[in-house]
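Generate the whole structure from the sequences, applying the supplied hints.
Those protein sequence lines, which keep their order, are chains A and B.
Quick note: the first sequence, position 18, residue 18 per this note's numbering, numbers continuous.
Quick note: the second sequence, position 629, residue 629 per this note's numbering, numbers continuous.
Derived by calculation from the structure, the hints in this document are not laboratory data.
Every value quoted in this text rests on a predicted model; they were computed, and no experiment measured them.
Honestly, I wouldn't trust all of these hints.
[What the hints assert, rightly or not] Selected chain B positions facing chain A (in silico; Cβ < 8 Å):
no., residue
1, I383
2, F393
3, E557
4, W639
[Unchecked claim] Dumping the calculated BS3-like pairs for lysine-lysine here, alpha-carbon to alpha-carbon at most 25 Å:
no., chain 1, residue 1, chain 2, residue 2
5, B, K38, A, K3
6, A, K2, B, K579
7, B, K669, A, K2
Don't be surprised by glycine CBs; every beta carbon is placed ideally from N, CA and C.
What follows is each chain in one-letter form.
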Amino acid sequence: MKKTHIAGIIIIAIAIAAIIGTLSDSSTYANFTEAFDNPSAEFHVVGVLNRDKETVYNPEENPNEFIFYMIDKENVEKKVVLHRTKPQDFERSEQIVIIGKAVEGDFHANQILMKCPSKYNDGSGEFKTPEEHKGTNAAS
Amino acid sequence: MEFVGEHLLIGKIGNFFVIFSFISALLGAISYFFATQKNDNGWKSLGRISFLAHGVGVLGIVSTLFFMIFNQYFEYHYIWQHSSSDLPLRYIFSCFWEGQEGSFLLWAFWHMVLGVIFLFIKNEWEAPVLAVFSLVQVFLISMLLGVYFIDYKIGSNPFTMLLREHPDFMDIPLFSNPNYLENLDGRGLNPLLQNYWMTIHPPTLFLGFASTLMPFAIGIAGLWTGKYKQWLKPAIPWTFFSVLVLGVGVLMGGAWAYEALSFGGFWAWDPVENASLVPWLTLVGAGHLMIVEHKRGGVMKSLLFLTFLTFILVLYSSFLTRSGILGDASVHAFTDLGMSGQLLLYLLTFIAIALFVFVLRYKKLPTNKKEEEFWSREFWMFIGALVLFISSFQITFSTSIPVINKIFGSSLAPPSNAIEHYNTWQAPFAILVLLLMGFSQFLNYKDTPLKTFYGRIIRGLVISAALSIGIGLSLKMFNPFYLFMLFAALFAVFGNLEYWLKFLKGKIRYSGASISHAGFALMMLGTLISMSNQKKISNNTSTYDVSQLGEEFDNKENILLMKGDTLQMGDYYVSYIGKEKQGVNIRYGVDYMTKNENGSYTKEFTLKPQVQLNERMGNVPEPDTRHFLLKDIYSHVTWAVLEDKKEQDSSKVDVQTKNLHVGDTVFLKRSILIIDSLRQTNLSRHAELRSGDIAVEAALTFWDFNTDKHHLFPVFVLRDSSKVFSIPAESEELGVTVSFDRIYPNNGSIDLTFIEKKTDQKEFIVMQAILFPYINLLWLGCIIMAIGLVVSVKNRLSGSKK
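Here it is in structure tokens:
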């Protein structure tokens with residue numbers, strides 16, 4: 001057997017290890033029910049902000065904690081404790097992805113991704129005359 | 001309806017150039033194909049004419065589009081979407097390639113330039129190489145066609161897509177006005193992209209992408225024409241040119257991220273970053289194998305594989321970023337223009353071509369009967385290329401999770417901590433590459449007696465080992481894995497320096513490899529030290545304890561700074577001094593001070609991280625970094641109150657009215673006040689007053705909790721003996737507004753209304769600051785690597801001419 005063949009086998013072995021490693025490293029998208037059924041596992045949960053309930057951010061007390069209520073795709077609502085600063089523009093978010101796990105009744109997340117409405121699709125609101133354009137800039 | 005003021009002719013000219021360059025590319029591909037197949041000069045001349053015509057066409061498209069941006073023809077969707085009337089001229093290039101169409105055009109432009117250069121270097125490879133180039137251009141220009149083929153729209157054409165005909169906008173009332181152009185301004189370039197990086201990064205990166213076509217096309221040409229080995233000679237200099245430009249392009253992206261985006265570093269393993277890094281890795285592998293094949297032979301198959309793979313990975317990366325498949329997984333991805341089918345076809349066609357040619361000629365490819373020796377340079381260079389391949393495989397696989405989901409219908413989420421995931425996997429590969437870089441060149445081609453080899457590397461090994469222990473101790477790096485990587489990087493630096501000085505006698509001409517290797521190793525050294533020793537100095541000092549939730553939620557990275565307070569952060573004392581608004585940016589000034597022995601502070605510097613009020617992307621924080629020779633202090637705002645709320649929201653304020661006499665004391669939330677006196681106001685002091693008014697002011701003295709004195713003078717006015725009103729006085733610092741509502745002449749008492757902000761609404765920001773030690777090593781390494789590659793390309797060029 002040639003040395004290059006040995007090298008080849010080693011390469012394939014590492015490649016398989018990389019695939020398995022990556023798959024085991026990646027979490028899965030889930031809903032709250034699944035996440036609360038498996039409290040120790042990490043999940044990505046997709047949902048929307050419940051705008052009827054208050055969000056809590058008291059940076060003076062703890063700048064790294066932000067609490068809100070999210071409704072997942074199955075219409076299950078949970079209290080979410082995000083261990084980060086409150087994202088700028090949070091109220092504008094259309095869709096939220098939180099990454100974390102269930103800990104006693106609440107969902108504790110350490111990462112958040114938000115999808116904000118892109119102005120691209122909302123038609124006429126975006127049209128500005130040159131005067132308006134200058135106006136907004138002068139005002140700012 | 002007739003619309004007034006539209007410039008429809010220029011669009012037709014642009015569209016003509018699109019069709020012209022598409023057809024000429026198609027003609028070029030066909031002519032050059034037959035020129036190669038039949039070895040016929042007539043076909044070849046036709047091909048040449050077609051490709052040059054194609055060049056004229058592409059230049060025509062580019063100039064027309066520039067002309068339209070320059071003259072602000074907002075009736076065109078592309079121009080409206082990417083520019084506006086108040087955009088500074090220096091961003092005109094950025095407007096050009098902000099959108100997908102423009103970036104395709106940039107890519108096609110570079111292919112055209114490289115193809116024309118190749119055409120003018122008269123050589124035997126012209127026909128087959130330019131046949132491949134032309135075919136690539138056919139696909140690229142088709143992305144700009146914007147025509148319907150049955151029901152499928154091919155490409156997106158910036159010249160024919162008028163704003164009023166765009167499906168998103170055609171129904172809006174504006175377009176029922178024939179003079180709509182008078183009232184139209186462009187949407188403007190995304191403020192986030194309004195910086196010089198957007199001017200230099202895309203053209204460099206796209207030249208890098210475009211240049212990977214060169215080795216690919218020459219390789220295909222070699223197999224096609226049966227010159228299985230001769231193709232290497234012209235391919236090698238182009239390959240290293242490509243390594244240089246693509247490498248610089250990718251690193252510029254990193255520098256941009258570090259300077260202007262709030263990733264908290266220069267590399268975040270974002271899918272788009274990965275997609276541009278991966279072809280670079282395989283290209284470097286291919287380049288090294290080319291040298292092995294050139295000197296010794298025996299690696300032709302692997303080298304062809306990596307060369308073809310590189311270009312295919314470039315196409316794949318373009319598919320990933322432009323098809324919308326990454327969705328939310330990346331900040332960079334373009335919006336989907338519905339061209340994913342076309343992009344996929346482009347990708348699959350070239351996979352098919354590469355596979356077909358490879359399989360067809362597989363049996364005829366040169367091989368070495370004899371196996372290479374274990375202690376030979378070529379063997380270890382081969383291993384190096386394999387390591388690079390595996391490394392790129394791992395990155396590609398993890399980045400492709402959204403694609404895997406699409407194909408198999410799974411719901412895998414990307415690794416939640418991408419940076420940790422990739423670092424864990426890639427660090428061992430980096431160590432292997434660094435070690436290989438350090439010792440391989442001390443091996444001769446063919447075989448090396450072990451004793452000689454040990455003799456050559458022992459000095460480098462000892463020096464690097466001693467230095468890594470020294471550096472490790474002084475920087476308190478005790479993680480054995482990091483220490484090993486430190487050693488590997490130092491060994492690569494010293495090994496290459498020594499090889500250059502001792503074996504190459506310091507000759508510049510042959511120094512390319514040594515210099516670029518040393519540069520790469522310095523880069524890794526800088527990465528290792530700045531990443532592993534980076535310190536989040538903004539530790540939250542609040543007493544709130546989250547540790548009962550476990551380590552992973554124990555986040556203390558962000559610190560709250562009240563305006564005027566001074567907090568310790570690392571070696572500094574920091575103080576938030578206030579915000580200022582400039583255009584769309586709000587800049588938050590933070591003073592960094594050191595404490596003197598007598599307890600006073602000395603200001604060292606001020607950082608002004610900012611938040612950009614960006615309508616399109618949401619509000620985006622931008623960091624500010626103070627650069628020192630040996631460290632950087634990097635900081636960004638993670639939360640702040642963006643706007644001053646001038647209007648007083650009733651839920652946020654307390655209102656109380658009190659009946660008081662002169663000399664009374666009032667306790668407020670943040671101050672104590674005494675009414676000193678009542679007196680007639682000088683009418684000229686307030687613009688609201690006019691002659692005939694009777695105006696009385698209350699002189700109030702406030703003491704805040706620092707026992708500083710403040711004075712406010714609210715005014716009570718009687719006009720025309722019937723109308724009464726108050727001119728209130730406000731102190732922002734004390735968070736109070738006082739209005740003087742009434743005077744009771746019978747007992748001399750007065751009514752004052754106090755409007756106070758409810759809680760302590762003192763201004764504050766939440767921010768993060770990171771200290772990156774020795775990050776300049778990284779940038780130094782980048783520059784040195786680029787210099788080394790320039791030397792290599794020059795040397796290889798003069799070598800290939802001989």
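Status of each hint after checking the structure:
no., hint, in the structure
1, I383, "6 Å, holds"
2, F393, "6 Å, holds"
3, E557, "7 Å, holds"
4, W639, "4 Å, holds"
5, B/K38 - A/K3, "42 Å, violated"
6, A/K2 - B/K579, "68 Å, violated"
7, B/K669 - A/K2, "84 Å, violated"
This entry does not satisfy hints 5, 6 and 7, going by the numbered hints stated previously.
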